[in-house]
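One-letter residues, chain by chain:
Number of protein chains: 4
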Amino acid sequence: MEFAKPLPSYLVTRYHGWKATTYSENQGWYRRLASEGQRPRAMVISCCDSRVHVTSIFGADQGEFFIHRNIANLVPPYQPDGDHHGTSATVEYAVTVLKVAHLIVLGHSQCGGVQGCIDMCKGHAPALDAKESFVGRWMDILKPKFSLVEDIEDADAQARQFERQAVVASLENLMTFPFIDSAVRDGTLSLHGLWTDIGEGGLECYDPRAGRFQPV
Amino acid sequence: MEFAKPLPSYLVTRYHGWKATTYSENQGWYRRLASEGQRPRAMVISCCDSRVHVTSIFGADQGEFFIHRNIANLVPPYQPDGDHHGTSATVEYAVTVLKVAHLIVLGHSQCGGVQGCIDMCKGHAPALDAKESFVGRWMDILKPKFSLVEDIEDADAQARQFERQAVVASLENLMTFPFIDSAVRDGTLSLHGLWTDIGEGGLECYDPRAGRFQPV
Amino acid sequence: MEFAKPLPSYLVTRYHGWKATTYSENQGWYRRLASEGQRPRAMVISCCDSRVHVTSIFGADQGEFFIHRNIANLVPPYQPDGDHHGTSATVEYAVTVLKVAHLIVLGHSQCGGVQGCIDMCKGHAPALDAKESFVGRWMDILKPKFSLVEDIEDADAQARQFERQAVVASLENLMTFPFIDSAVRDGTLSLHGLWTDIGEGGLECYDPRAGRFQPV
Amino acid sequence: MEFAKPLPSYLVTRYHGWKATTYSENQGWYRRLASEGQRPRAMVISCCDSRVHVTSIFGADQGEFFIHRNIANLVPPYQPDGDHHGTSATVEYAVTVLKVAHLIVLGHSQCGGVQGCIDMCKGHAPALDAKESFVGRWMDILKPKFSLVEDIEDADAQARQFERQAVVASLENLMTFPFIDSAVRDGTLSLHGLWTDIGEGGLECYDPRAGRFQPV
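Protein chains in written order, with the numbering used here: chain U, 6 to 221; chain Y, 6 to 221; chain C, 6 to 221; chain H, 6 to 221.
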């Protein structure tokens with residue numbers, strides 16, 4: 006393991022700053038979280054994108070949100086075939102072990118993964134089509150929704166709309182998990198779909214009755 | 006989609022607070038991030054656990070860290086078989102598209118996923134052994150490392166050590182990805198292994214020469 | 006006073022969010038409340054329990070409710086002996102200075118204080134019996150009502166019923182204060198007894214004619 | 006109990022609105038709080054004043070804060086004499102049963118109780134001096150601090166300063182409780198002193214090193 010390197014010093018410095026301030030001010034709470042375990046109220050599924058941190062937008066502190074982040078905040082359909090399914094494992098743990106009350110999918114504007122999927126669907130991204138492309142194969146989850154936005158001529162408008170459809174696709178796939186379907190029916194779990202505009206700081210919530218996203 | 010609900014009002018309130026303060030104070034930066042795209046310096050792979058937010062520990066702002074969070078901060082070995090591989094897609098995107106300079110794996114104490122893996126290895130968790138258990142199948146990634154901590158008698162000490170081994174396992178698996186191996190050899194990417202103690206706020210970094218974690 | 010610490014930063018963030026939104030939108034009203042003084046319509050006596058906020062249930066805004074919160078929403082009997090009586094001071098101030106029109110006692114399900122009183126009455130809580138137990142001595146106020154629920158066999162049903170009796174006990178004790186008795190007789194003050202079910206969001210109101218609580 | 010009346014209809018209406026929105030959106034969380042019990046991170050001791058709701062200032066939702074409200078946010082010194090001590094019972098429950106990590110005392114401007122104490126100290130409030138005055142006897146807790154503000158000539162400035170001293174007095178009295186002193190020394194509990202300006206929406210935090218309150 007000769008490749009692993011020391012932590013860059015700018016991060017060491019920041020860590021010591023955090024230890025002397027945030028940690029110090031909250032030591033009692035951190036110790037209690039360590040000894041009693043976590044009990045988050047909500048799980049959030051959002052994108053890895055460095056421009057969208059749900060802890061910032063919602064002022065979430067230690068212990069509040071169980072957070073899964075992947076490319077384009079996608080959830081694959083239920084498929085218990087014995088293979089590694091990282092995303093399915095996160096929702097299984099959140100719903101059956103932690104018993105979170107809310108499951109929030111947060112999409113966002115200028116999503117690189119969603120744009121890649123559009124490029125694939127339009128035949129402009131042969132590299133993503135390759136069997137070996139992990140990003141391409143991951144974005145396959147979203148492909149069936151492309152027909153819903155195919156006719157939007159403006160490229161930006163089409164991408165923004167497809168980002169929202171990625172949220173809806175994840176919500177629909179979440180409902181294919183038996184333990185989620187059952188918790189939703191019991192009234193112990195609710196699903197929520199959000200989309201945020203990075204540049205303008207906007208936030209929209211999916212309204213299933215209207216069939217579209219509305220500003221909160 | 007009748008099940009999706011409005012966003013709980015306490016989160017709506019917090020969002021509006023964020024919009025009026027953090028967003029408002031940084032609007033120029035947010036707009037630039039939206040129009041020019043992200044350019045993160047580092048990717049972090051950490052756990053979904055609600056008690057460990059890397060953005061807090063390292064004071065990360067919008068645009069700095071590309072963050073993947075899954076159960077027990079695990080990376081599976083390179084396996085380009087055409088299936089959905091969410092974690093592999095995140096590292097592929099970070100290294101080949103965003104060209105991050107650092108790839109940091111952050112483990113932590115009191116990890117429920119790692120504890121589950123110990124329970125499986127000791128034969129105490131039949132539910133996790135079931136083919137249908139996504140958490141169990143995901144934690145299979147870590148199983149081969151159990152022999153390294155099998156002899157530690159104290160249960161807490163064993164768990165803490167296995168959590169550190171989960172970080173090492175992920176670093177090793179990362180090196181099986183050709184694009185990572187190549188970037189590390191070229192000197193354009195460095196890997197880092199970290200482990201944090203939730204209750205005490207400690208942070209340790211893997212030192213490959215010493216073959217163990219050292220406080221930063 | 007070396008022990009007092011800075012405010013945890015997550016609360017600082019939330020405060021600034023409140024200042025920039027709720028406060029800012031209502032500045033004129035807040036300034037008027039500051040310069041003219043409060044003139045609340047009602048006083049509410051409820052429990053400290055973190056799961057029951059009367060301001061949420063009744064959408065109470067600044068200036069509407071004068072709120073006293075203690076363990077198990079209890080009011081001790083009138084006892085003007087010159088000692089500190091925190092609860093008696095709150096009702097004296099509300100009725101004789103602020104001249105509120107309503108005095109509402111709000112009980113709730115899963116009340117830890119009421120459960121402690123049941124444990125004491127059944128001889129299962131020696132720690133609460135100790136002279137030094139402030140919680141035990143406070144719950145003594147409710148003890149005389151235990152005979153009313155003693156025969157209920159189901160433990161949950163018994164606790165729920167005893168929580169309602171705690172509300173009735175407080176209403177009865179309130180009437181032992183001369184200034185309350187007099188205001189009620191004059192028709193300038195009315196008392197109300199409520200009980201809420203945390204899990205189901207139910208609300209019941211005490212009906213003195215029926216001698217029991219009815220859903221509102 | 007002929008005096009208890011039905012709930013005023015404007016409150017019935019508001020309750021049904023809450024049930025259909027806030028409760029409905031959070032049903033899973035409310036049910037979980039009911040079945041698993043509360044686990045608040047902080048206790049707040051604030052005034053009954055209708056103009057200061059800590060849940061609003063800090064965006065606190067169900068389950069976050071254990072809240073005691075009394076006249077002038079006062080805590081009497083430790084006095085385990087077997088009498089009813091409502092305030093002491095609340096801190097005993099919060100620290101020894103709930104094991105909160107933070108104990109926050111929140112004072113505020115234009116506090117009627119503090120003004121009454123000033124009037125007593127200046128000999129202008131014979132009614133409050135009477136043995137039968139619950140408010141007067143309660144405010145006796147603060148009297149020893151009057152010498153610290155006695156020389157301030159401007160009446161408003163004196164009142165504002167005395168309100169801050171009420172917070173310090175409560176912090177000092179809290180430290181006379183053995184279980185609080187011990188939890189603070191163990192690093193599992195931290196105390197915080199705050200004062201808010203109603204009209205201007207300001208918030209100050211007590212800084213023990215500087216010996217005074219500073220804006221947050």
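A few of these clues could be false.
It does not matter which identical chain is meant; a pair holds if it fits inside one copy or across any two.
Computed list of lysine-lysine pairs in DSS-like fashion (alpha-carbon distance at most 25 Å, straight line) [stated by the list, open to error]: (1) 24 - 10; (2) 24 - 127; (3) 104 - 136; (4) 127 - 148; (5) 10 - 127.
In short, the hints are calculated from the structure, not lab data.
A quick note: this is a predicted structure, and the numbers were derived from the prediction, not measured.
Same-copy or cross-copy closeness of residue 127 to residue 148 [CA-CA at most 25 Å]: Cα proximity of residue 127 and residue 148: one copy only (11 Å, versus 42 Å across).
Within a copy, between copies, both or neither: which one fits residue 10 and residue 127 at a CA-CA cutoff of 25 Å? neither (41 Å within a copy, 33 Å between copies)
Using 25 Å as the alpha carbon limit, work out where residue 104 and residue 136 are close: within a copy, between copies, both or neither. This pair counts as between: shortest inter-copy Cα distance 22 Å, intra-copy 37 Å.
Alpha-carbon proximity context of residue 24 and residue 10, limit 25 Å: both (22 Å within a copy, 14 Å between copies)
Is it within a copy, between copies, both, or neither that the alpha carbon of residue 24 lies no farther than 25 Å from that of residue 127? neither (49 Å within a copy, 36 Å between copies)
When each numbered hint is compared with the structure, violations occur for hints 2 and 5.
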